[in-house]
Amino acid sequence: MVSTTTEKTTPPATTKRRRRRTVRRLSRRDKLVMALLLGVPLLLDLAFVWFPALATVLLSFTKWTGVGGIHLKACSAASSLPGIPQPGCINGVQNYNQAFTNYPDFWPAVRHNAIWLLVFIVFATPLGMLFAVLIDRGIRGSRVYQSLLFLPVMLSLALIGIIWELIYSPNYGLINTIIGRNGNNNLIDWLGDPHLNLWAVLVEASWRQAGYVMVLYLAGLKAVDPSLREAALMDGANAWQTFWRVVFPTLRPINVVIVVITVIESLRAFDLVYITSKGNPLRGLELLSVSVTQNIVGETQRIGFGSTLGVVLLVISLVPITIFLYNAFRREER
Amino acid sequence: MPDLSGSTDSLPHVSRRTALKVLGGAAGLAAAPGVLAACSSSKTKSSSQTQSATTGGSITFGSNYSDAAPKAAFAALCQSATAKTGTKIAINTTDHNTFQNNISNYLQGTPDDLATWFAGYRMQFFAAQNLLTPLDDVWAKIGANFNDAARNLSKGLDGHYYFVPLYNYPWVVFYNKSVFASKGYTVPTTWDAFVSLAKQMQKDGMVPLAFADKDGWPALGTFDIINMRVNGYDYHIKLMKHEIPWTDKGVTAVFNQWAEILPYAQKGATGRIWQDAAKALENKQAGMMFQGSNQVAANYAAANLADLDFFVYPVINEQFGTDFMDAPTDGFMLPKKAKNPSPAKGVLEAIGTAEAESTYLKTDQWDVGLANGLVAPSYNAIQKKAVAEIGKCKSVAQFMDRDTVPDMATAMIKLIQGFIDDPSSSSISSIQKSAEDQAKTIFS
Numbered sequence: 002m003v004s005t006t007t008e009k010t011t012p013p014a015t016t017k018r019r020r021r022r023t024v025r026r027l028s029r030r031d032k033l034v035m036a037l038l039l040g041v042p043l044l045l046d047l048a049f050v051w052f053p054a055l056a057t058v059l060l061s062f063t064k065w066t067g068v069g070g071i072h073l074k075a076c077s078a079a080s081s082l083p084g085i086p087q088p089g090c091i092n093g094v095q096n097y098n099q100a101f102t103n104y105p106d107f108w109p110a111v112r113h114n115a116i117w118l119l120v121f122i123v124f125a126t127p128l129g130m131l132f133a134v135l136i137d138r139g140i141r142g143s144r145v146y147q148s149l150l151f152l153p154v155m156l157s158l159a160l161i162g163i164i165w166e167l168i169y170s171p172n173y174g175l176i177n178t179i180i181g182r183n184g185n186n187n188l189i190d191w192l193g194d195p196h197l198n199l200w201a202v203l204v205e206a207s208w209r210q211a212g213y214v215m216v217l218y219l220a221g222l223k224a225v226d227p228s229l230r231e232a233a234l235m236d237g238a239n240a241w242q243t244f245w246r247v248v249f250p251t252l253r254p255i256n257v258v259i260v261v262i263t264v265i266e267s268l269r270a271f272d273l274v275y276i277t278s279k280g281n282p283l284r285g286l287e288l289l290s291v292s293v294t295q296n297i298v299g300e301t302q303r304i305g306f307g308s309t310l311g312v313v314l315l316v317i318s319l320v321p322i323t324i325f326l327y328n329a330f331r332r333e334e335r
Numbered sequence: 150m151p152d153l154s155g156s157t158d159s160l161p162h163v164s165r166r167t168a169l170k171v172l173g174g175a176a177g178l179a180a181a182p183g184v185l186a187a188c189s190s191s192k193t194k195s196s197s198q199t200q201s202a203t204t205g206g207s208i209t210f211g212s213n214y215s216d217a218a219p220k221a222a223f224a225a226l227c228q229s230a231t232a233k234t235g236t237k238i239a240i241n242t243t244d245h246n247t248f249q250n251n252i253s254n255y256l257q258g259t260p261d262d263l264a265t266w267f268a269g270y271r272m273q274f275f276a277a278q279n280l281l282t283p284l285d286d287v288w289a290k291i292g293a294n295f296n297d298a299a300r301n302l303s304k305g306l307d308g309h310y311y312f313v314p315l316y317n318y319p320w321v322v323f324y325n326k327s328v329f330a331s332k333g334y335t336v337p338t339t340w341d342a343f344v345s346l347a348k349q350m351q352k353d354g355m356v357p358l359a360f361a362d363k364d365g366w367p368a369l370g371t372f373d374i375i376n377m378r379v380n381g382y383d384y385h386i387k388l389m390k391h392e393i394p395w396t397d398k399g400v401t402a403v404f405n406q407w408a409e410i411l412p413y414a415q416k417g418a419t420g421r422i423w424q425d426a427a428k429a430l431e432n433k434q435a436g437m438m439f440q441g442s443n444q445v446a447a448n449y450a451a452a453n454l455a456d457l458d459f460f461v462y463p464v465i466n467e468q469f470g471t472d473f474m475d476a477p478t479d480g481f482m483l484p485k486k487a488k489n490p491s492p493a494k495g496v497l498e499a500i501g502t503a504e505a506e507s508t509y510l511k512t513d514q515w516d517v518g519l520a521n522g523l524v525a526p527s528y529n530a531i532q533k534k535a536v537a538e539i540g541k542c543k544s545v546a547q548f549m550d551r552d553t554v555p556d557m558a559t560a561m562i563k564l565i566q567g568f569i570d571d572p573s574s575s576s577i578s579s580i581q582k583s584a585e586d587q588a589k590t591i592f593s
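These protein sequence lines map, in sequence, to chains V and E. If you use our numbering, the first sequence corresponds to residues 2 to 335, in order. If you use our numbering, the second sequence corresponds to residues 150 to 593, in order.
In short, the hints are calculated from the structure, not lab data. All clues given are correct.
Capping the alpha-carbon separation at 25 Å, the derived lysine-lysine pairs in DSS-like fashion look like this:
id, chain 1, residue 1, chain 2, residue 2
1, E, K220, E, K237
2, E, K326, E, K533
3, E, K416, V, K279
4, E, K416, E, K332
5, V, K279, E, K428
6, E, K534, E, K428
7, E, K290, E, K488
8, V, K279, E, K563
9, E, K326, E, K348
10, E, K428, E, K416
11, E, K398, E, K582
12, V, K279, E, K220
13, E, K533, E, K543
14, V, K74, E, K589
15, E, K533, E, K511
One chain only, chain V, in its complex shape (with noise of 0.2 Å):
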């Protein structure tokens, strides 16, 4: 973010002798406000960005509890005694080693996050944008359906997991209750089975997805000049060539926006899964955000290992915002 402020303040070459001119007249109390504006964004983008950031990284080497300091000696070396954790210590590269080979919820998490990232993309995120132009087009009663699909977006996710586990219950649930699926021998397990699990979770979060990229696609909608859509009418195009040939081009901004939501909402994917297992992840629904909670957070803490699993996340994450913040960059200095 820094080198962002950077390139916009700085005027193009041409006015460099005028802007030295700029500069000399700033008074001392303009130096000032100007110290404090900056110093004080860049000071917080220290202490709560890059120094946890940094911090994650440099704990991921290590092996500790939480409990008293960390000792800057190899954990080899450190006295251990079986089933009490050894004092804070350097693990090198063994955190990441057991993560990559023995850790079973590692490589299911990173399938169930790709998984996860891959029904937002085609799945949840198309459908909030069929909703938007539905809806956009004024059929009849569109109010309501508006208000009806943008609900799920007002609750927390905490709440739409609680629902949403009332609706999948095996024997007490709406779903089971319904298609008369809930005797011994023949009731579907919605949220326990494995293979089936993980789906039921996304059925939950793309009910709220579709919704929160309705709003979002709905109001560059309504924000597209009605004149274009005219001019298309006139030259004979029909709805759905006036779409994809003059309303979604017009819409880049927006549509960056809501691929670059869609993304962070699938890597950041936790809430429901967390509320669904409460706290243990069930088999079936690991995701790396769950892990790395469940290694940090409780009542033996193992925050080496959570922190080289949050590295992990950290570098798959890098991988869309560096996309992003590149062709985002390469717009503005064109």
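Using the hints provided, position chain E relative to the given structure of chain V.
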């Protein structure tokens, strides 16, 4: 013990006094914990250890008794302690799960003067990390009120006391008396009788065993009891401390035994919360349910409670009979960082009595007190039977998540859920391998 003297020599900062104290207190303990004791107590000669109990003053009490019924019972307990000692008690109640998840930070930050906690390894784990105050002087006064089992549960690995118990509850097989009477079932005492009863129930259109494991921990209880029936208590404790590998054939035997009864358990267990399983038993859709009385009896409507009865898990291996069970114990600890340890110890002395336990149990229809021979006037039939059955046990285990490192229990929750979904022998061997792999990193 010879190992101990050798090891203490190599530790530079062990005073003679501590070493003697350890030798005195660690009778019957293995060498390794003794060394640990020497390490920790040498550092812990803080004022709190030497301060003895006083009366008056005021303390704060951190509580995880967040549900309405135990919260009220706990308030009554504190009131009686205040009446006895003159110490004012301010209760800070935190949600049960939140309290447990934050315990590590809580004990290191600014803890209350007393806190609710669990006996056994779960307490020893924090005591060994020097986060709790030894309570030997409190136990000098209340020791006569408890039997050896309760005493051992309250001791840290170093042989010092760190805990004052309040109540425990048995893990047994619950059933409805009316169902057994109307169908002519008899209580099974052997494994074969248990399995054939389950078969009969299935024939009669009932779910033989109500079962739920979405919460993760309930199935650990089934593993524990089959393990103790098949391999005995010592094996259980050794396995929990990873002195026996998880790939051992004893563990395979437990899973194989379990696989025999699993087809009769309620299907879809990994998606069901235990309350729904208890409801199936209460509605008589299910014939039996193996879980703690603290859950099943507590979940029953008062009107149906009279119909509820239980029997101990049937014999599998004649060698061990029904000598053991899980009876988790809850109680109190004094954090090292407590600000008012002296009045807090006074309160613990008041709580560690049969009288105080009876006060707590007045409104509690499922737990039983730990004080010697306590039969509180408020006990119902279930509680009276629980006291008797726990008393018959040669050893009482806590529970897998209280007898081993919490990380290991978490790993087992996941693996046992995998077993419930697929109890085939190939699945069992991969579960055992994964358990052992994880145990190696957790216990290293």
